[in-house]
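K.L.:
Residues per chain, in single letters:
Number of protein chains: 2
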Amino acid sequence: MITVPADALVELGTAIFTSLGAAREKARFVAETIVEANLTGHDSHGVVAYLTYTERIKGGYIDVEAAPTVVEETATTALVDGRWSFGQLTAMKAMEVAVEKAERSHISAVAAYRCNHIGRVGYYTAWAAERGLVALMFVNVGHPVVTVYGGRGRVLGTNPLSIAIPTGGEPFLLDYATSVVAHGKVRQALLKGRRIPRGWIRDKDGGETDDPAALDAGGWLLPFGGHKGYCLQLVNELLGAALTGSRSGLDPEEEPPSTNGVFIIALDPDAFVGLEAFRERCEAILRGVKRCEAEAGMRVMIPGEPEWETRRRRMRGGVPLPEALWSRLVDLAGELGVDEDLYRPWMRET
Amino acid sequence: MITVPADALVELGTAIFTSLGAAREKARFVAETIVEANLTGHDSHGVVAYLTYTERIKGGYIDVEAAPTVVEETATTALVDGRWSFGQLTAMKAMEVAVEKAERSHISAVAAYRCNHIGRVGYYTAWAAERGLVALMFVNVGHPVVTVYGGRGRVLGTNPLSIAIPTGGEPFLLDYATSVVAHGKVRQALLKGRRIPRGWIRDKDGGETDDPAALDAGGWLLPFGGHKGYCLQLVNELLGAALTGSRSGLDPEEEPPSTNGVFIIALDPDAFVGLEAFRERCEAILRGVKRCEAEAGMRVMIPGEPEWETRRRRMRGGVPLPEALWSRLVDLAGELGVDEDLYRPWMRET
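Protein sequences appear in the order of chains C and A. For the first sequence, counting from 1, position 230 maps to 230 in our numbering; every step adds exactly one. For the second sequence, counting from 1, position 69 maps to 69 in our numbering; every step adds exactly one.
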């Protein structure tokens with residue numbers, strides 16, 4: 001592994017995206033959200049995106065000059081046209097508008113369409129929770145790779161759900177795909193040459209398998225938690241795609257290659273028991289949960305806790321990256337004429 | 001089994017609750033919501049509640065004269081004090097206020113506290129969806145019977161979640177406990193003398209078991225879907241209890257015996273793509289899902305479909321009840337001096 005400080009990865013990403021035509025401020029924000037995924041341990045949504053996003057910019061799918069725009073609004077709602085900008089800009093714009101409106105009207109809902117891949121969904125909900133709001137984000141993915149409960153074949157996307165809640169410290173953070181695992185986790189097992197647990201995917205014939213290669217060979221992921229997870233997968237499709245006017249996983253495949261439909265609800269605890277009382281009560285409940293006895297070999301954790309722990313560790317010690325990935329990033333930086341000082345210091349194995 | 005027409009069960013429940021002091025209109029509404037649970041196949045929330053609610057009324061836990069009241073409100077939010085009336089009245093009041101406010105302001109949130117058991121949660125969300133609104137209901141249960149992911153012992157309640165979405169026909173309806181199964185399903189297996197699948201509960205020592213008696217003998221239910229279901233169990237505790245000021249499953253046990261904390265979000269699709277466009281798009285997506293190939297021995301169903309199917313069948317053919325339950329209901333009706341014509345016609349086995 002190569003270990004690179006988070007701020008160096010942000011600088012590198014900023015340089016890559018500016019060299020592809022993005023304004024510096026935009027490029028930096030997109031790079032920051034991507035590195036934040038690495039920091040919180042979600043490497044599948046991390047700097048590997050510098051490679052995929054570069055391809056999508058070159059292919060004309062991400063428009064580096066576009067700015068997401070509110071096209072309709074009321075005091076409590078807004079519709080955001082992402083205009084195929086970086087998905088991160090669209091999601092952040094939508095969340096900013098949702099937070100503003102919830103601060104004024106106690107609750108709000110914002111929908112976004114023509115939206116590219118937004119990366120780690122928890123970035124946006126946690127941002128709102130750090131500002132004292134509860135945020136829910138229902139996202140559909142326009143490309144099918146997950147079956148439905150009782151079904152066969154690829155029907156819908158991994159349709160992630162995130163809910164962040166302000167507590168005394170770092171936010172409570174639910175942030176996951178409604179499939180058993182995210183697509184990226186299967187790809188990472190493949191890269192590392194590992195088998196996967198049976199129950200994650202089916203092969204192209206519907207058979208059980210522990211071979212991660214079977215997914216990209218025509219297999220499919222399963223929804224998590226049987227019919228209960230399947231219900232949430234569909235909620236995200238109905239709110240994320242149908243309510244926003246975004247592409248469904250069931251629509252014919254077409255360009256661009258990776259789209260998200262985004263539906264956000266933000267709400268202000270002050271309208272109920274009050275923010276401070278709410279924070280204290282949440283803390284008391286979560287402390288009570290943490291105090292309960294653990295099963296042998298297990299540890300009771302609060303949603304978000306693994307992320308915030310990994311973040312503290314990686315902020316101090318840097319972000320570990322597979323050598324092969326780092327070398328592809330260095331090659332890309334070289335091709336794009338990025339200043340060598342932004343990657344040369346980290347070119348040794350650690 | 002004894003088969004009784006739904007309207008006869010409503011009449012019987014109305015008579016039982018009025019004989020206990022409830023006004024006729026209230027008694028009838030509570031009975032209707034309870035029979036609706038039987039009609040949709042959720043017998044654990046059905047007329048067995050005539051027995052438990054009678055005990056709670058006699059014990060002073062349900063106040064048949066109380067009326068739930070909005071104690072704070074804004075254009076988009078409200079806080080409802082249930083005043084320990086029938087939980088059904090509190091939940092319905094909260095949903096009615098949520099729908100009114102969402103119709104005016106596009107989105108709303110309503111919290112309810114001092115709320116008794118509300119019965120089947122999907123009743124209220126489906127009611128809103130039938131009026132063209134999306135409704136989400138996060139409910140905590142004040143009595144612990146479910147452990148947390150990685151934990152041991154009873155920590156939180158079954159914390160049900162319901163999300164209803166208007167479509168072309170009967171609403172899309174997610175409506176479930178965040179435990180693997182509801183408490184009532186284990187009790188029903190016990191009554192029928194059946195074993196349960198391993199993975200539903202643990203016994204009092206934390207061991208795996210297929211014995212339904214192990215639950216009430218100090219065992220506990222597991223959250224559904226591993227850590228992903230656990231996250232939702234906690235969301236319902238934070239929104240249902242902390243945000244509403246209701247009792248948490250972690251609080252010391254005290255009276256009354258069965259409480260719910262209720263948090264509702266209602267939203268109007270008209271503020272986004274428009275209600276008709278939304279309905280059509282939802283229908284198209286759900287039709288697409290139904291068309292997909294099924295696994296051997298399985299059938300792809302839409303959330304709510306089993307409920308609406310059972311409802312149509314039982315509206316025609318009546319509600320089947322175990323003979324032992326029916327005989328306890330008849331005894332109760334006798335004790336309370338309910339008109340014999342309301343139960344005598346159904347006193348034969350079918």
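In short, the hints are calculated from the structure, not lab data. Predicted model only: the values in this text are computed from it and were never measured. Treat the hints loosely; a few may be bogus.
For chains that are exact copies, the list does not tell them apart, and a pair is met inside one copy or across any two.
Said to hold, decoys possible - Derived BS3-like pairs: lysine-lysine, alpha-carbon spacing no greater than 30 Å straight-line: (1) LYS26 / LYS192; (2) LYS185 / LYS290; (3) LYS58 / LYS290; (4) LYS204 / LYS185; (5) LYS26 / LYS290; (6) LYS204 / LYS290.
K.L.:
Are any of the numbered hints broken by this structure? If so, which, sorted upward?
P.N.:
1, 3 and 5
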